[in-house]
Each structure stands twice: as structure tokens, then as C-alpha cells.
Amino acid sequence: MTAWDRFLFTFFNAEVAARTWRDVASGVGVSVFAGLAVVVTGIGVGALLAGLRSFGFRLANAPILVFVDVFRALPPLAIILVVFFGLPNVGVTLPSLVVLWLSLSLILAAFAEEVFWAGITSVPQGQWLAARSTGLSFLGALIHVVFPQAFRLAIPPLTNRTISITKNLALGSAIGVDEILGRASSELSLTFNATPLTIGAACYVLLFIPLIAISRRLERRTSWGGR
Amino acid sequence: MEAICDEFFNIPIMVRVLPMILAGLKETLLLCAILIPIGLISGVGAMLLATSSRRVLRWPAMAFIDLFRAFPPLVLIIFVYAGVPFLGYEIPALAAVAIAFFCNSASYYGEIYRAGMKMVPPGQADAARSTGLTAAQTFLFVTFPQGVHNVLPDLISNTVELVKLTTLASVVSAPELLHEADLARSLTYNTSPLILASLIYLVVLWPVVRLMARLEHRLS
Numbered sequence: 003m004t005a006w007d008r009f010l011f012t013f014f015n016a017e018v019a020a021r022t023w024r025d026v027a028s029g030v031g032v033s034v035f036a037g038l039a040v041v042v043t044g045i046g047v048g049a050l051l052a053g054l055r056s057f058g059f060r061l062a063n064a065p066i067l068v069f070v071d072v073f074r075a076l077p078p079l080a081i082i083l084v085v086f087f088g089l090p091n092v093g094v095t096l097p098s099l100v101v102l103w104l105s106l107s108l109i110l111a112a113f114a115e116e117v118f119w120a121g122i123t124s125v126p127q128g129q130w131l132a133a134r135s136t137g138l139s140f141l142g143a144l145i146h147v148v149f150p151q152a153f154r155l156a157i158p159p160l161t162n163r164t165i166s167i168t169k170n171l172a173l174g175s176a177i178g179v180d181e182i183l184g185r186a187s188s189e190l191s192l193t194f195n196a197t198p199l200t201i202g203a204a205c206y207v208l209l210f211i212p213l214i215a216i217s218r219r220l221e222r223r224t225s226w227g228g229r
Numbered sequence: 078m079e080a081i082c083d084e085f086f087n088i089p090i091m092v093r094v095l096p097m098i099l100a101g102l103k104e105t106l107l108l109c110a111i112l113i114p115i116g117l118i119s120g121v122g123a124m125l126l127a128t129s130s131r132r133v134l135r136w137p138a139m140a141f142i143d144l145f146r147a148f149p150p151l152v153l154i155i156f157v158y159a160g161v162p163f164l165g166y167e168i169p170a171l172a173a174v175a176i177a178f179f180c181n182s183a184s185y186y187g188e189i190y191r192a193g194m195k196m197v198p199p200g201q202a203d204a205a206r207s208t209g210l211t212a213a214q215t216f217l218f219v220t221f222p223q224g225v226h227n228v229l230p231d232l233i234s235n236t237v238e239l240v241k242l243t244t245l246a247s248v249v250s251a252p253e254l255l256h257e258a259d260l261a262r263s264l265t266y267n268t269s270p271l272i273l274a275s276l277i278y279l280v281v282l283w284p285v286v287r288l289m290a291r292l293e294h295r296l297s
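Keeping their order, the protein sequence lines are chains H and F.
In short: position in the first sequence from 1, add 2, done, that's my numbering.
In short: position in the second sequence from 1, add 77, done, that's my numbering.
These are computed hints drawn from the structure, not numbers from a lab.
Honestly, I wouldn't trust all of these hints.
As the list claims (entries may be wrong) - From the structure, some residues in chain H lie toward chain F, with a derived Cβ separation under 7 Å: (1) Leu-83; (2) Ala-172; (3) Ile-214.
As the list claims (entries may be wrong) - Covered stretches of chain F (in silico footprint by chain H; criterion: 3 or more residues with CB under 8 Å from a CB of chain H, positions within the stretch not fixed): (4) 138-146; (5) 162-173.
Every value quoted in this text rests on a predicted model; they were computed, and no experiment measured them.
For glycine and all other residues, C-beta sits at the position ideal for the given N, C-alpha and C.
Modelling step: build the complete structure from the supplied sequences, incorporating the hints.
As C-alpha cells, then:
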């Protein structure tokens, strides 16, 4: 067998692919479901925290700042392992999929808060004043005038962050979540062939390539704005 | 409350596993010392190819960058580490991690450099060339420093992400900080070693995260 044949046999084995693709692809549902849940929760919580921070309550802001900094500084895998192995020993047992969702949502919330907050602070002060002078309350001005502008500024950096954080869904395989990589790894040990890994990698790449393309378009549109 | 302290902040256990954790920290520092330069340098290469005026260079480079930005790093590491041995070659965990990180960070850093270079006005290069600098000198002394300056916060932020990603090496049993902490956890049946490791990451990375937040606000 030549080296090339061996490469094809190992990574692109049609016979192994035919046997395993269904099982690997069935992890796609879990990954997509968990990914959507993480995106909705993370961005939602991040927006709420940024909104809360703009009220300027010192008692609320200190914990928000600490939360944001800690979850931006800690490696995702460290957070996942602490939650997964720590909580059962103090009497809280969560399914591994919930641990994955919770950990990644908190991380995305921390990054999203920072991005939204940067957006809110870069909306000119006159916008606040004009909104308040029409009779809107502080909350009204925030929701109807300032936040929509902040959100538009936040979209490009938020898209990039969201992509890189949702790619961490693969870490679920380390705590036994039945997502794409987890299934591909178990098929790998059953078939003694790397083709299931190729299929798993292809599934992930196919899921994320469209998002990368979207982030490129967003970036191009904002750079036209004369930065 | 006491149960929580016992489980997460057990000082005697932390003291007992400290030597293991420090050995792991040493390995993590070594990983960073290898992976950060690989990323910073290969990123320049990826950027040069991706901004080339020749299509035969630019298109494959852009495809490489987009492919590996879409590739979850852990999938890449496992793919290299678990896949290559089936070809009949032994591959050390460190080499697998280095190959995976090369692909991942060349594309991430490359994309950041590219964004920075795009913001440098074309007149800068024209003016530099007209003073008699060669194309290479123009890049090295005029346009590249400005491009880097434009995206400094992103470069720092990506480096923080890279340091955090070194924890993925634990999945292929590289004896880095998180791997040793998790081993200590399974030996002591207690989460405190993981908390200790997290505190180390926090002490090192928190100042950088603060700096980043300040740089980002100053820019906007």
C-alpha cells in the first residue's frame, strides 16, 4: 500500500463512512440545539447585564464587573470541569448537556455584556439628552433610543465572539455530551479508523462556514462606513 | 456553606497538590512559549498570502483562513492526535497540539493582521517607496508597524484566547496545568485543585483582560 492509499484508507474510507455516518451525523442535532440555546441565553443575559450596568448602581455594577472579568479570563474547559465535577459533590447534579449549556452561556454572556457596554458608551450623550427631553423615562430612552444604536455597533464583534464561543461545544465531548465530536470519537474506537473523525470535522466545518461568511459580510459593510 | 468550602476551597488539599499544579504550570508556560510565537509569525505569513495581488496565492490562503476559523480547535487537536497514528506514525501529544494550533492561530492572527493592514492608507506605502525604500523595507518599517498598531487590542485579545486554548492540550494528555489539576481532582475526590488552577489562570489573565477592556473603550 502506498502512503497515499494508506492516507485515503485512514481518513476517507468509504466503507467505514457508510457504516458510521448516520451515527456521527445524529450528533448534529444535539450540537445545533445546544448551540442555539447558548446563543439565545448568552446574548440575552449579556444584553440585560449591560442594560442594568447603564443605570449606574454601584451595588449592582461591582458584581457585574467581577463576573464579566472572571468569565473572560478563565479557560472554558476549566469552567466546564469545575461545574461538572464540583456541583454533584455539594448536592447539585446536572446532566452533562445542561453543564455545557450553562458554562458556555455564562461565558458568552460575559463577552456580550462587554461588547454591548462598549456600544452603549459610544452612543453620543446627546442621544440620551434628546430622548429624555421628549419625556421618555431613563429606561424608555435606554430601550427605544440608545440600545438599538448600541446593538448595531455591537453586531460585528459580537458575531465573531459568538462563533468562537459556540465552537467550544466540542468541549462537551470531554464530559460525555453526545455531540458530534463525542460520537465521532466513540465510532473511532469501534472501527479503528479515522474516517468518523473526518465526518465529524466536516459536520462542524459545514455548520460554521456559513457563520464565518456572514461575519465577513458584516465586517465589509462596517468598513464601508468610513473607519 | 461548610460543605461548599470543603469541596471548592479546601486549603489542606490545595497545599498537598501544589507541587503537581506547579509542574503543570511549568508545562503550560512552555506551551505558551512555543505556541504564541508560532501563531504571531505564521499569522504574518497567512496575512501576506491572503493580501497578495496574485490570485493563485490569495485564494488558497483565504480558503485556509476561513476553513480553520470554522474548525473547532478541539476537533482539530483530536483529529491530528487520534487520526495520524492510524497512518502508522507515532505522534507526540505536543506535536499534535502544535500542528493544530499552527492551523488555528495562523488563520486567526492572519485575519487580524489583514484587518489592520487594510486600515493603513495606500499613500503610506507610495510615500515610503518614493523615498527609495524597497518593497520589503516599506512593509517592515512603514506599513506593518501601523497595521499592528491599528489592531493591537485584537492581537492581545487573541493571545489571551490562545493561552486559554492551551487547556485543550489536557484532552490529549499533555501534562499542562488543567490536566494536572484534573488528575489531582480525581486523586483527592475534591474540586479544590481545579479551583486552584483556575485561580492561577485568573491571576495571570485578569490584568490583561482589564487592559483589553480599557483599550477597547478608548478606541470606541
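Hints, verified against the model:
no.: 1; hint: Leu-83; verdict: 6 Å, holds
no.: 2; hint: Ala-172; verdict: 4 Å, holds
no.: 3; hint: Ile-214; verdict: 5 Å, holds
no.: 4; hint: 138-146; verdict: holds (count 3)
no.: 5; hint: 162-173; verdict: holds (count 3)
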